[in-house]
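First to last, the protein sequences are chains A and B.
Residue 102 in this note's numbering sits at position 73 of the first sequence, and the numbers go up by one each step.
Residue 55 in this note's numbering sits at position 16 of the second sequence, and the numbers go up by one each step.
Just so you know, these hints were derived from the structure itself, not from any lab.
Accuracy of the hints is not assured; some may be wrong.
[What the hints assert, rightly or not] Think about it this way: if two alpha-carbon atoms lie no more than 25 Å apart in a straight line, the pair counts; the simulated DSS-like pairs of lysine-lysine are:
1) B:81 / A:49
2) A:70 / A:95
3) A:95 / A:43
4) A:49 / A:84
5) A:70 / A:84
6) B:109 / A:70
7) B:81 / A:43
8) A:49 / A:93
9) B:106 / B:41
10) B:95 / B:106
11) A:70 / B:41
12) A:93 / A:43
13) B:81 / A:70
14) B:109 / B:41
15) B:95 / B:109
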Amino acid sequence: GAVVSQHPSWVICKSGTSVKIECRSLDFQATTMFWYRQFPKQSLMLMATSNEGSKATYEQGVEKDKFLINHASLTLSTLTVTSAHPEDSSFYICSPLAASGRANNEQFFGPGTRLTVL
Amino acid sequence: QKEVEQDPGPLSVPEGAIVSLNCTYSNSAFQYFMWYRQYSRKGPELLMYTYSSGNKEDGRFTAQVDKSSKYISLFIRDSQPSDSATYLCAMQEGGSYIPTFGRGTSLIVHP
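Looking at chain A on its own, in the form it has when it is part of the complex:
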């Protein structure tokens, strides 16, 4: 399968600070990037969808000014959690979608980033 990396894998920060999470598709180009959030023992919840070079589309209830998404290239997308609060503590997972040649059964996920806000 395709290789997707996320950095950092685990981050602890103080309340009020901002945290940037990077997602890279290492062996394919991704025109679309999905960002998910997963709370303990819960399902993956889609936060936003971004296309390379365009503004992200956010799901209902997700604050676009709090979760800044940048998809500047076909291999890199970033999610910045601004002014993080303890309720933002969660597992954040990216899912890049290949530019072409991939069927619906080839949606890959990053290894996730665990964010803990103190």
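Starting from the known structure of chain A, arrange chain B on it as the hints suggest.
Chain B alone, transformed into the frame defined by chain A:
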């Protein structure tokens, strides 16, 4: 009612047992059905993918889809301790790249 229902478990079985994991759904437009395995603190990994109704087998894993009942299953034969993980079902409408996930079932296979 959620679009996809999945019992969170945990489901604990002895090594070698046959495991049955299930999901029900309400959206009749779903056409693609997937099962993902997620180890603790890792991203989901695609296990099985099925289009429309029917069965699909891959090694020890068999996926079944019954669209008339809006019910899907994943069977694991000869379960191993290494199968211990959370199994997420997911479904997509035709033409969509955004799956709807179940909450996952935690499986524990003990030696």
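Hints and how they fare:
Restraint check for residue 81 of chain B and residue 49 of chain A: the C-alpha separation of about 19 Å stays at or below 25 Å, so the hint holds. Of the supplied pair hints, the one linking residue 70 of chain A and residue 95 of chain A holds, its CA atoms being roughly 24 Å apart against a limit of 25 Å. Restraint check for residue 95 of chain A and residue 43 of chain A: satisfied, since their Cα atoms lie roughly 16 Å apart, inside the 25 Å limit. With a C-alpha separation of about 17 Å, the suggested pair residue 49 of chain A and residue 84 of chain A falls inside the 25 Å cut-off, and the hint holds.
A distance of roughly 31 Å separates the Cα atoms of residue 70 of chain A and residue 84 of chain A; the hinted pair therefore is violated under the 25 Å criterion. Taking the CA atoms of residue 109 of chain B and residue 70 of chain A, the gap is near 24 Å; set against the 25 Å cutoff, the hint holds. Of the pairs offered as hints, the one joining residue 81 of chain B and residue 43 of chain A holds, with about 24 Å between alpha carbons and a cut-off of 25 Å not exceeded. The hinted pair formed by residue 49 of chain A and residue 93 of chain A meets the criterion: a straight-line CA distance of about 15 Å does not exceed 25 Å.
Distance check on the hinted pair: residue 106 of chain B and residue 41 of chain B sit about 17 Å apart at the alpha-carbon level, within 25 Å; holds. Between residue 95 of chain B and residue 106 of chain B, the direct Cα distance comes to roughly 14 Å. Compliance with the 25 Å bound is thereby established for this hinted pair. With a C-alpha separation of about 16 Å, the suggested pair residue 70 of chain A and residue 41 of chain B falls inside the 25 Å cut-off, and the hint holds. A C-alpha spacing of about 21 Å is found between residue 93 of chain A and residue 43 of chain A, which places the hinted pair at or below 25 Å, so the restraint holds.
Restraint check: the Cα-Cα separation between residue 81 of chain B and residue 70 of chain A comes to about 13 Å, which is no more than 25 Å; the hinted pair holds. The straight-line distance between the Cα atoms of residue 109 of chain B and residue 41 of chain B is roughly 13 Å, inside the 25 Å bound, and the hint therefore holds. With a CA separation close to 17 Å, the supplied pair residue 95 of chain B and residue 109 of chain B stays within the 25 Å bound.
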